[in-house]
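Assemble the whole structure, with the sequences as input and the hints as a guide.
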Amino acid sequence: MAPTHPKSQPGKSDSSSKKDVSIDKLPRLPQGTDNIPHFTLPFLSSRFTSSPVSSPISANTTLGSKIQKRALPRSQQPISSKSRLIYVSSSTPFMAVVSRVRKQLDRALKGNVPSTKGMSLPQRVDLLHRDGGTKAEGEAVVLGTGKAVEKVLSVAAWFEEQGDCVVEIRTRTVGTVDDVVVEGDDDGFGGESRVRRVSCLEVTVKLR
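Numbered per UniProt numbering, the sequence shown finishes at 208, counting up by one with no gaps.
Each statement offered as a hint is correct.
With a straight-line Cα cutoff of 25 Å, these simulated DSS-like cross-link-like pairs (lysine-lysine) come out:
hint, residue 1, residue 2
1, K206, K151
2, K110, K82
3, K66, K147
4, K151, K103
5, K110, K206
6, K82, K103
7, K206, K82
8, K151, K82
9, K103, K206
Per label pair, the in silico range of CB-to-CB distance:
hint, residue 1, residue 2, range
10, K147, T204, 20 to 30 Å
11, E192, V166, 41 to 51 Å
12, V174, S99, 19 to 29 Å
13, V174, K66, 21 to 31 Å
14, G163, S193, 44 to 54 Å
15, E168, G146, 15 to 25 Å
Rather than coming from a laboratory, the hints here were simulated on the basis of the structure. The beta-carbon is built from N, C-alpha and C at its ideal position, and this holds for glycine as well.
Put into C-alpha coordinates, the structure is as follows:
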(Lines of atoms letter the chains of each structure in order from A and count residues from 1; the text may use other names and numbers.)
(Lines give C-alpha, C1' and ligand atoms only; values in the text may rest on other atoms or scores of the structure.)
Protein backbone atom coordinates (compact mmCIF):
# COMPACT_ATOMS: atom_id res chain seq x y z
CA MET A 1 0.00 0.00 0.00
CA ALA A 2 1.43 3.37 -1.05
CA PRO A 3 2.27 5.80 1.76
CA THR A 4 -0.07 8.69 2.16
CA HIS A 5 1.03 12.25 2.94
CA PRO A 6 -1.09 14.38 5.25
CA LYS A 7 -2.90 17.16 3.50
CA SER A 8 -2.07 20.69 4.55
CA GLN A 9 -4.84 22.70 6.09
CA PRO A 10 -6.14 25.69 4.12
CA GLY A 11 -4.61 29.01 5.12
CA LYS A 12 -1.34 27.42 6.24
CA SER A 13 1.70 27.09 4.03
CA ASP A 14 3.61 23.90 3.83
CA SER A 15 6.93 24.22 5.61
CA SER A 16 8.49 21.78 3.22
CA SER A 17 7.77 24.13 0.30
CA LYS A 18 9.86 26.93 1.77
CA LYS A 19 13.42 27.20 0.71
CA ASP A 20 16.08 27.14 3.32
CA VAL A 21 17.63 30.61 3.71
CA SER A 22 21.13 30.69 5.04
CA ILE A 23 22.03 33.69 7.25
CA ASP A 24 25.67 34.68 7.44
CA LYS A 25 26.48 35.91 10.91
CA LEU A 26 29.28 38.34 11.61
CA PRO A 27 32.20 37.00 13.60
CA ARG A 28 32.18 37.68 17.29
CA LEU A 29 34.29 40.51 18.63
CA PRO A 30 37.44 39.51 20.39
CA GLN A 31 37.46 39.50 24.14
CA GLY A 32 38.35 42.74 25.93
CA THR A 33 36.46 45.01 23.54
CA ASP A 34 33.42 45.59 25.73
CA ASN A 35 34.92 48.75 27.29
CA ILE A 36 35.58 50.54 24.00
CA PRO A 37 33.91 54.02 24.24
CA HIS A 38 31.27 54.91 21.71
CA PHE A 39 31.69 58.13 19.71
CA THR A 40 28.93 60.22 18.16
CA LEU A 41 29.54 61.92 14.86
CA PRO A 42 29.67 65.69 15.27
CA PHE A 43 27.23 66.49 12.49
CA LEU A 44 24.59 64.20 13.99
CA SER A 45 24.57 65.86 17.41
CA SER A 46 24.91 69.48 16.25
CA ARG A 47 22.10 71.90 15.46
CA PHE A 48 21.92 73.74 12.16
CA THR A 49 21.29 77.49 12.27
CA SER A 50 20.57 79.64 9.24
CA SER A 51 22.08 83.11 8.91
CA PRO A 52 20.45 85.92 6.92
CA VAL A 53 21.80 86.58 3.47
CA SER A 54 23.77 89.79 3.44
CA SER A 55 22.99 92.41 0.86
CA PRO A 56 25.45 92.85 -2.01
CA ILE A 57 28.26 95.26 -1.21
CA SER A 58 29.20 97.90 -3.67
CA ALA A 59 32.75 98.00 -4.92
CA ASN A 60 33.12 101.54 -3.59
CA THR A 61 31.76 100.71 -0.13
CA THR A 62 34.10 99.58 2.64
CA LEU A 63 33.26 96.41 4.53
CA GLY A 64 31.55 97.12 7.85
CA SER A 65 30.12 100.47 6.73
CA LYS A 66 26.64 101.76 5.93
CA ILE A 67 25.29 104.54 3.75
CA GLN A 68 23.24 107.40 5.20
CA LYS A 69 21.35 109.48 2.65
CA ARG A 70 20.99 113.19 3.28
CA ALA A 71 17.95 115.22 2.39
CA LEU A 72 17.96 116.79 -1.05
CA PRO A 73 19.26 120.35 -1.07
CA ARG A 74 16.43 122.83 -1.57
CA SER A 75 16.77 126.13 -3.34
CA GLN A 76 15.71 129.26 -1.53
CA GLN A 77 12.30 130.65 -2.33
CA PRO A 78 12.40 133.53 -4.84
CA ILE A 79 12.29 137.00 -3.35
CA SER A 80 9.43 137.91 -5.66
CA SER A 81 6.00 136.62 -4.66
CA LYS A 82 5.17 135.90 -8.32
CA SER A 83 6.92 132.51 -8.21
CA ARG A 84 6.95 129.80 -5.56
CA LEU A 85 8.75 126.45 -5.32
CA ILE A 86 6.70 123.51 -4.05
CA TYR A 87 8.64 120.35 -3.17
CA VAL A 88 6.77 117.04 -3.31
CA SER A 89 7.72 113.77 -1.61
CA SER A 90 6.24 110.30 -2.02
CA SER A 91 4.17 110.79 1.17
CA THR A 92 2.75 114.23 0.27
CA PRO A 93 -1.04 114.09 -0.24
CA PHE A 94 -2.05 114.76 -3.84
CA MET A 95 -4.79 117.28 -3.05
CA ALA A 96 -2.47 119.15 -0.69
CA VAL A 97 -0.14 119.86 -3.63
CA VAL A 98 -3.08 120.94 -5.81
CA SER A 99 -4.32 123.28 -3.08
CA ARG A 100 -0.90 124.90 -2.64
CA VAL A 101 -0.52 125.45 -6.39
CA ARG A 102 -3.99 126.96 -6.70
CA LYS A 103 -3.39 129.20 -3.69
CA GLN A 104 -0.18 130.51 -5.25
CA LEU A 105 -1.96 131.25 -8.54
CA ASP A 106 -4.77 133.07 -6.74
CA ARG A 107 -2.24 135.10 -4.75
CA ALA A 108 -0.46 136.12 -7.95
CA LEU A 109 -3.77 137.09 -9.55
CA LYS A 110 -4.79 139.30 -6.63
CA GLY A 111 -1.37 140.90 -6.32
CA ASN A 112 -1.27 141.83 -10.00
CA VAL A 113 -4.48 143.87 -9.96
CA PRO A 114 -3.64 147.55 -9.37
CA SER A 115 -5.57 149.62 -6.90
CA THR A 116 -8.51 151.58 -8.34
CA LYS A 117 -8.72 153.96 -5.41
CA GLY A 118 -9.14 157.57 -6.57
CA MET A 119 -9.98 156.59 -10.18
CA SER A 120 -13.06 157.71 -11.98
CA LEU A 121 -15.57 155.24 -13.39
CA PRO A 122 -14.32 155.51 -17.01
CA GLN A 123 -10.75 154.90 -15.81
CA ARG A 124 -11.80 151.80 -13.89
CA VAL A 125 -13.66 150.40 -16.91
CA ASP A 126 -10.66 151.07 -19.13
CA LEU A 127 -8.40 149.30 -16.64
CA LEU A 128 -10.60 146.21 -16.64
CA HIS A 129 -10.50 146.00 -20.44
CA ARG A 130 -6.73 146.11 -20.57
CA ASP A 131 -4.86 142.78 -20.45
CA GLY A 132 -2.35 144.03 -17.94
CA GLY A 133 -5.03 144.69 -15.37
CA THR A 134 -6.38 141.13 -15.23
CA LYS A 135 -3.59 138.88 -16.48
CA ALA A 136 -1.54 137.21 -13.75
CA GLU A 137 2.20 136.82 -14.13
CA GLY A 138 2.76 134.46 -11.20
CA GLU A 139 3.63 130.78 -11.40
CA ALA A 140 3.97 127.73 -9.18
CA VAL A 141 6.90 125.35 -9.70
CA VAL A 142 6.39 121.78 -8.46
CA LEU A 143 9.52 119.66 -7.95
CA GLY A 144 9.88 115.94 -7.23
CA THR A 145 12.55 113.23 -7.39
CA GLY A 146 12.57 109.45 -7.12
CA LYS A 147 9.21 107.96 -6.16
CA ALA A 148 7.65 111.44 -6.12
CA VAL A 149 8.04 111.84 -9.91
CA GLU A 150 4.81 109.92 -10.52
CA LYS A 151 2.91 112.22 -8.17
CA VAL A 152 4.31 115.33 -9.86
CA LEU A 153 3.14 113.97 -13.22
CA SER A 154 -0.34 113.46 -11.74
CA VAL A 155 -0.38 117.09 -10.60
CA ALA A 156 0.62 118.22 -14.10
CA ALA A 157 -2.13 116.11 -15.69
CA TRP A 158 -4.70 117.52 -13.25
CA PHE A 159 -3.89 121.16 -14.07
CA GLU A 160 -3.76 120.45 -17.81
CA GLU A 161 -7.45 119.61 -17.60
CA GLN A 162 -8.19 123.02 -16.07
CA GLY A 163 -9.17 125.58 -18.68
CA ASP A 164 -7.41 128.53 -17.03
CA CYS A 165 -3.95 126.97 -16.59
CA VAL A 166 -0.85 126.43 -18.72
CA VAL A 167 1.52 123.59 -17.75
CA GLU A 168 5.20 123.23 -18.66
CA ILE A 169 7.21 120.08 -17.88
CA ARG A 170 11.01 119.96 -17.68
CA THR A 171 13.52 117.38 -16.49
CA ARG A 172 16.87 118.08 -14.88
CA THR A 173 19.48 116.47 -12.67
CA VAL A 174 20.32 117.49 -9.11
CA GLY A 175 23.15 116.38 -6.85
CA THR A 176 22.79 114.99 -3.34
CA VAL A 177 25.38 113.87 -0.79
CA ASP A 178 25.54 110.40 0.80
CA ASP A 179 27.60 109.71 3.93
CA VAL A 180 29.48 106.40 4.21
CA VAL A 181 29.65 105.75 7.96
CA VAL A 182 31.91 103.03 9.38
CA GLU A 183 30.14 100.90 11.97
CA GLY A 184 31.58 101.25 15.45
CA ASP A 185 33.06 104.68 14.74
CA ASP A 186 31.71 106.85 17.55
CA ASP A 187 33.58 109.97 16.48
CA GLY A 188 31.98 110.04 13.04
CA PHE A 189 35.22 111.13 11.36
CA GLY A 190 36.13 107.74 9.91
CA GLY A 191 33.59 107.82 7.09
CA GLU A 192 33.52 109.60 3.79
CA SER A 193 31.00 111.45 1.63
CA ARG A 194 30.14 111.08 -2.01
CA VAL A 195 27.89 112.91 -4.44
CA ARG A 196 25.00 111.08 -6.08
CA ARG A 197 23.11 112.41 -9.12
CA VAL A 198 19.34 111.97 -9.18
CA SER A 199 16.74 112.86 -11.80
CA CYS A 200 14.27 115.62 -10.99
CA LEU A 201 10.94 116.48 -12.62
CA GLU A 202 9.92 120.14 -12.66
CA VAL A 203 6.37 121.22 -13.48
CA THR A 204 5.51 124.90 -13.91
CA VAL A 205 1.86 125.95 -13.67
CA LYS A 206 0.73 129.39 -14.87
CA LEU A 207 -2.57 131.12 -15.48
CA ARG A 208 -3.58 131.89 -19.05
